[in-house]
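Novice: Line by line, the protein sequences are chains A and B.
Positions 0 to 265 (numbering that gives the first Met the number 0) are the ones given, in order, by the first sequence.
Positions 0 to 432 (numbering that gives the first Met the number 0) are the ones given, in order, by the second sequence.
Hints were generated in silico from the structure; no laboratory data involved.
Careful: at least some of the hints might be erroneous.
Unchecked claim - Derived DSS-like pairs (lysine-lysine); straight-line CA-CA distance at most 27 Å:
#1 A:K164 with A:K86
#2 A:K107 with B:K34
#3 A:K57 with B:K170
#4 A:K127 with A:K265
#5 B:K36 with A:K127
#6 B:K170 with A:K177
#7 A:K179 with B:K36
Quick caveat, the model's predicted, so the values are computed rather than measured.
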Amino acid sequence: MSSKTKGERAVKPKIAVFKFASCDGCQLSLLDAEDELLPVIGAVEIAYFPEASRTMLKGPYDIGLVEGSITTHHDAERIQEVRRHCKTLITIGACATAGGIQALRNWKDVDEFIRVVYATPQFVSTLKLSTPVAEHVPVDFELRGCPINKRQLIELVSATLIGRKPNIPLYSTCIECKRKGNVCVAVARGLACLGPVTQAGCGAVCPSFDRGCYGCYGPMESANTNSLTTQLRALGQADSQIARAFRGFNAWSWQFRKASEECDHK
Amino acid sequence: MNTRTRTIRVDTLARVEGEGALDIKLIGERVADVKLKIYEPPRFFEAFLRGRHYSEVPDITARICGICPVAYQMSAVHAIERAFGIKIDPAVRLLRRLFYCGEWVESHALHVYMLHAPDFLGYQDVIGMAHDHRELVEKALRLKKIGNHIMTVLGGREIHPVSACVGGFYKTPTKAQLSELAEDLHWALEASIDTARWTAGFDFPDFEQDYEFVALRHPGEYALNEGRLVSNRGLDIDVAEYEDHFVEQHVKYSNALHSVIRGRGSYLVGPLARFNLNFDQLHPVAKQVALEIGLHPPVKNPFRSIAVRAIELVFACAEALRIITEYEPPPEPRVQAVPRSAVGQAITEAPRGILYHRYALDEEGMVLTAKIVPPTSQNQKRIEDDLREYAAHLVAWPLEEATWKCEQAIRNYDPCISCATHFLKLRINREAR
Chain A
0 MSSKTKGERA
10 VKPKIAVFKF
20 ASCDGCQLSL
30 LDAEDELLPV
40 IGAVEIAYFP
50 EASRTMLKGP
60 YDIGLVEGSI
70 TTHHDAERIQ
80 EVRRHCKTLI
90 TIGACATAGG
100 IQALRNWKDV
110 DEFIRVVYAT
120 PQFVSTLKLS
130 TPVAEHVPVD
140 FELRGCPINK
150 RQLIELVSAT
160 LIGRKPNIPL
170 YSTCIECKRK
180 GNVCVAVARG
190 LACLGPVTQA
200 GCGAVCPSFD
210 RGCYGCYGPM
220 ESANTNSLTT
230 QLRALGQADS
240 QIARAFRGFN
250 AWSWQFRKAS
260 EECDHK
Chain B
0 MNTRTRTIRV
10 DTLARVEGEG
20 ALDIKLIGER
30 VADVKLKIYE
40 PPRFFEAFLR
50 GRHYSEVPDI
60 TARICGICPV
70 AYQMSAVHAI
80 ERAFGIKIDP
90 AVRLLRRLFY
100 CGEWVESHAL
110 HVYMLHAPDF
120 LGYQDVIGMA
130 HDHRELVEKA
140 LRLKKIGNHI
150 MTVLGGREIH
160 PVSACVGGFY
170 KTPTKAQLSE
180 LAEDLHWALE
190 ASIDTARWTA
200 GFDFPDFEQD
210 YEFVALRHPG
220 EYALNEGRLV
230 SNRGLDIDVA
240 EYEDHFVEQH
250 VKYSNALHSV
260 IRGRGSYLVG
270 PLARFNLNFD
280 QLHPVAKQVA
290 LEIGLHPPVK
300 NPFRSIAVRA
310 IELVFACAEA
320 LRIITEYEPP
330 PEPRVQAVPR
340 SAVGQAITEA
350 PRGILYHRYA
360 LDEEGMVLTA
370 KIVPPTSQNQ
380 KRIEDDLREY
390 AAHLVAWPLE
400 EATWKCEQAI
410 RNYDPCISCA
420 THFLKLRINR
430 EAR
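So that you can see chain A by itself, here it is in the shape it has in the complex (with noise of 0.2 Å):
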């Protein structure tokens, strides 16, 4: 810029903070973070956060951010040059993780649906598959939530950034659930509750609120889908409930659209 640009920085590790399809949500759980803001902006150098910043460094980055899942030819381009930049490539929230919401495409004719709705269809550049990062290339931590916790967003940087190990629990919310004194809602009201399948981190926020977990942590390690498919079918619920339950906001994470493709009889 020629315009002469105040408050200049030093050098520190750089930052970069790229957006795919997503809601922006969980780079917003970045400027969310009211009270450790302004330590985080001191200790490194946010070079590329277009939503916060006109300043667009070029990389290297020391960690890229990445937001959201992969639904175009274009950004599966983009992707691999994203991760040329970045030494640690860091995916947040259920879109960049497991394909998001709108991974739900992926049980539809998109091609089909293409042709019907536009006018151009050689013009429209959408997949047919909304897929997580890691599908396109190697990532180096998958951050879970939709949104993210910020607090993990917090550790999970400061960890990178000092090159420890980060500690980010990958028990089920059932863990959390029990540390809260909440009393369990599937086993007292006899509520769906997706809990012992999901990953921890949200703080039990929905069992908390009296109602079941949808699940937007996504699977937590060596999830027991199976059993809990049993549970729910044992509380009254019909296999096109569960189906739709497991199909929420991480439906493509592979233990929940297995779940999900067991109870889909359609």
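Following the hints, complete the assembly by docking chain B onto the known chain A.
Specialist: For chain B alone, kept in the frame of chain A given last:
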């Protein structure tokens, strides 16, 4: 005659939510072409919603926008409640208003301080601004946090909260939980008043347009969740008539459709429209501060929207304080919904302007069709119209500065591109039928 061609081009618009680009072609003194390009990929929400249960709709539509999820939840629940003929408890109505106030505070504080103010002060971003004005940015962050905290108390988290549902909430707060917000809100009210006074000192370009302002109007309050849809040019309709009066036009270069009023063209939604149409209903403090800083309707300079947004911050804090004082928990957190085969529409006032939802549901409460028109796709044509007029003032400017000014003119609308692109399917489908 000067026929030199120059192009103002921004490949990646910064400090907006989502992905867009700008192309303005200047030939001599003339603005030959303006294109606000939305290249964010569509996500086809209306397609996913078909065949889903009504109870899932507020959670799914929230994911259209991480900045205004409450707006999507509110339009969704009100549209479905209208379809099912549900009357909500007055305490739930108050809580929803409070929930919305939280989102307005969060979203307006984000935009005023972190996305828009850097333009007026000559910074690339809030990071540079924090370097020179740390206490200002600390104030902004605390204000934003208080808005987020309201959403967290009512909905469990600030982004994609989990408590709003058809008929009410999954769980409602106790009176004590809301009373605890009072101290913060008193601080936020004062901080918002300071914000309004601060923005009033900015240098606003001399630029006024003759807009058609469109907003909800309620007989007794500054409208958030209900009212008739009105304009300064005689529009006064029930929200169910929305599609009779508004139509989307397809433009080739954008993944979002342009919304226009039939027979009249572009219109403006959001803070400026609400302020101009509903000024009389602002909280007395907000009204008083507005007049003190020289804002009185009609405000026709879009660059002053930052000051109007600050006045709405004052309003939202004052209104939140009123609500937490009045609140008594409802007997039940929600009214039980009984599905029926019906169509329901709703419009609510998202931070960026009116958000229209329509759902056709079957007797089991499954979604047959959905239509959603977000505020940014309604403002998009108006943004281009502004740029066409405004760029003509800039033809003699150095390109870099003219480009920045045009970006600032776009940010007057706090555009949310993530919202605007996700609706292509249904609209084109409808036109094809």
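Novice: If a hint holds in the structure, say so; if it doesn't, say that too.
Specialist: Do the hints match the structure? See the list:
no.	hint	in the structure
1	A:K164 with A:K86	holds (16 Å)
2	A:K107 with B:K34	violated (33 Å)
3	A:K57 with B:K170	violated (47 Å)
4	A:K127 with A:K265	holds (20 Å)
5	B:K36 with A:K127	holds (23 Å)
6	B:K170 with A:K177	holds (19 Å)
7	A:K179 with B:K36	violated (47 Å)
Violated hints for the displayed structure, listed by number in ascending order: 2, 3, 7.
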